[in-house]
Amino acid sequence: MPKTLRFRDFICIHLVTTRWCVFSSPSTSGLFNSVQPFTTMGTEQASQEAPNATPEAANPTATDADNAESIDVNLDEWKGFEYSPVEFSPVLTINLSDEFRHVFGLLYAVKKSKERSKRALDLTSRAIILQNSSPTAWMLRREVVATLAENNPALWAIELGFTAKIISKNEKNYQAWEHRRFAAESGNLLQTEIQFTDVALNGDEKNYHAWCHRHWLVRDHGLTEGELDATEWFIRTDLRNNSAWNHRWLVTGLVEGARNDDEMTFALEIVEKAPRNEAVWNYIHAMGKSGLSIAAAKAKAVECLEVDAGCIPARRFLVLNASSSEASEVRKHCQILASGVDPIRKKYWEMKAADPGRPIKG
Amino acid sequence: MSTNTPSYPPSVPTERELTDFGVQRVQHENIFSDTWHAQHYVEQRVFDIRHARPPEKPLVLFREKHVSWLMRHLQYLPRGSESFDVLQGWSCFWIVHSLNLLGATIPVPTASMVVKHLATFKDPVVGGYGGGPGQSSHLASSFSVIMTLCGLGTEEALMSIDSVSLLRFILQMKQADGSFRVSFGGETDVRAMYCAICIASIVGLLKGVEAEKITRGCASYVKSLQGFDGGLGGEPGAESHGGNSFCGLATLVILDELDAVDTGALLDWAVMRQMAYEGGFQGRTNKLVDSCYSFWVGSLFPLLGLKARAPAGMSKLFDADALQRYVLECAQLENGGFRDKPGTSRDLMHSCYALSGLSIAQHFGEAKHDAKNEVKKVDPVFNIAEDKINYVKEFFSQT
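Just so you know, the protein sequences line up as chains A and B, in that order.
The UniProt record's numbering puts the last residue of the first sequence at 362; the count rises by one with no breaks.
The UniProt record's numbering puts the last residue of the second sequence at 399; the count rises by one with no breaks.
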């Protein structure tokens, strides 16, 4: 296992620049050119046309009341398709814009119809730009893409671009991440997905959705290659990042022989840097439970406590991993924790002290 | 004087205050990583609030302010709330449940309007409820609608629940491995499972002939979520997380399958989520305090206490007074509503779960409080006021 960073530093720089291209400059990205027209349709086009467009010009057959509502919305493509705009609800009334009411009113009607067409795809894009986490819009999009991609497999890559755009705006969006899994899997485009999560994690190193995406790639698609180096990079960047430790745990469970004594040495090296880091102690504790020897870790914990009696995770580690012959030691540790070092968990430590050696079963 | 905002000009903290704070707060140990910076900043803001509050002034629950803030939202949501259009059921639940905990009575005509509005969310084709009229069915939306109706607790509300339609939808969301999707093509995680099992249990579907089809494989799925540190993640391999731990554990409680996970390890994990200085809970190891985990993590203790042969006092193993203090002092706003943490704005979701957590602290953790601060007792499995859930259970056992 590498103890120093080699290619990861470089990749990070590479990704920062990639991110700039992918997220900030649609014109430089092929994927985004196809998304561009309908994303701006609602704002630019409507505002350009609105001053000149008369109600008659917008929709010659509609009544005055209809025109008053549809003038800024511009859903010309859908002329003749019957729908009713989203109504203002009698409770929890939301000040919905006309655009929102028409786009979603139409979308709900399309969802109920059998139409799964290019214009329906454009409509979902526009709806999702307005409201990133509308399950109905994403559901319709999924159905439309599945239909259209039968004749146009290139759509899957466009979907990756579209989800990237939404995720870059709203990185905790359940639907966009799920849609991305669907598109990457259907289009067999999994190879760049790890890099994509790298980009997302560059903005937030603990983004739960991005890590789950990565767990999915590792767990269901076996993409474990490079993940030990990657998690080491995340850990060395912020050794308190429990998300990275968790992912490392998953990876070491899948890679043959990865949960070994070297892994324990690595963890203890991280302990050395900042002993009050609960994440690494939990990791060591779990390695112990999986069968590795924790003798060195226990010695390290004792060593840490000699320097810093307030090192709660080290003391907790000794309590959780005591053998039956160490009952008096455990009692002593629990008393120290309960009485001064960790007063917020006083009752818990007192309970542990009262019955050392036996875990408290919930 | 305000309890939330520091006094101006600020007084200088005493040496004693600073020393105590220095001992209690998280140490950087010469590794100034992002985690430490974020934590350091929050602690400083909490310290500022505590320093500015006169020590002799008791903590109070601004009950009337919360009620009027919530009632206002039940009528109109503020500008810029378009994203709440898909969360209409959730918004109703957060408001109705918060009002119940505060002991406020929702006027019958208002309740009736809410019931009629929620009825328009029904999806007649696939069953279940969407996030608003015309929207596609979703397990989380269905959950929020059913829980709102239970929270309202009127006969009209409970009569409007169509358990046959719910069953149809729930069974369509069931996956081969026992898990649930939230919707057609939606994500698969333990939230979906909790929503499905919770509403199925409430409306009596788990006693019906189709019960096995709903519950099949649930316990083993939850078992696969237990992380290396003992908590539960959202999907297999995911990081242990307060909200997901609640969903998983509550599911097991409803199914009476608590033996499926290592509850001792889960307790060891849960107890560490309480923040030494702030007093509230974090949702994950080395993350920040957040008032919504007052309920998600706080409720784990009474839930673990439900296990057969659990030691007495399990539900009190966290520091309830510290939790109550965080909620009332740092999350509560004196013009109504609760926020995630100092520096964020109030919202309905955090108000709901901060109040639910406060109830856990007062009624299960036995936090010291007087009648003025007391909120109603919450049911830790269903997160509904206890009097309401008892009535609902009785109602559905008769139908």
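Bear in mind the hints are in silico, worked out from the structure with no lab data behind them.
A couple of the hints might just be wrong.
Unchecked claim - Chain A side only, calculated, beta carbon under 10 angstroms to chain B, not exhaustive:
no., residue
1, V91
2, A109
3, K114
4, E115
5, P135
6, R142
7, M287
8, R316
9, Y348
Said to hold, decoys possible - One-sided excerpt, in silico: chain B residues whose CB lies under 8 angstroms from chain A:
no., residue
10, E15
11, R16
12, E17
13, L18
14, F21
15, L158
16, S224
17, G227
18, P311
19, L317
In this text the structure is predicted, and so the values were computed from the model without any measurement.
Don't be surprised by glycine CBs; every beta carbon is placed ideally from N, CA and C.
Right, here's what the structure says about each hint:
| no. | hint | verdict |
| --- | --- | --- |
| 1 | V91 | holds, 5 angstroms |
| 2 | A109 | holds, 8 angstroms |
| 3 | K114 | violated, 13 angstroms |
| 4 | E115 | violated, 15 angstroms |
| 5 | P135 | holds, 5 angstroms |
| 6 | R142 | holds, 4 angstroms |
| 7 | M287 | holds, 9 angstroms |
| 8 | R316 | holds, 8 angstroms |
| 9 | Y348 | holds, 5 angstroms |
| 10 | E15 | violated, 20 angstroms |
| 11 | R16 | violated, 17 angstroms |
| 12 | E17 | violated, 17 angstroms |
| 13 | L18 | violated, 17 angstroms |
| 14 | F21 | violated, 14 angstroms |
| 15 | L158 | violated, 18 angstroms |
| 16 | S224 | violated, 10 angstroms |
| 17 | G227 | holds, 6 angstroms |
| 18 | P311 | holds, 6 angstroms |
| 19 | L317 | holds, 5 angstroms |
Hint check: violations occur at hints 3, 4, 10, 11, 12, 13, 14, 15 and 16; the rest are consistent with the structure.
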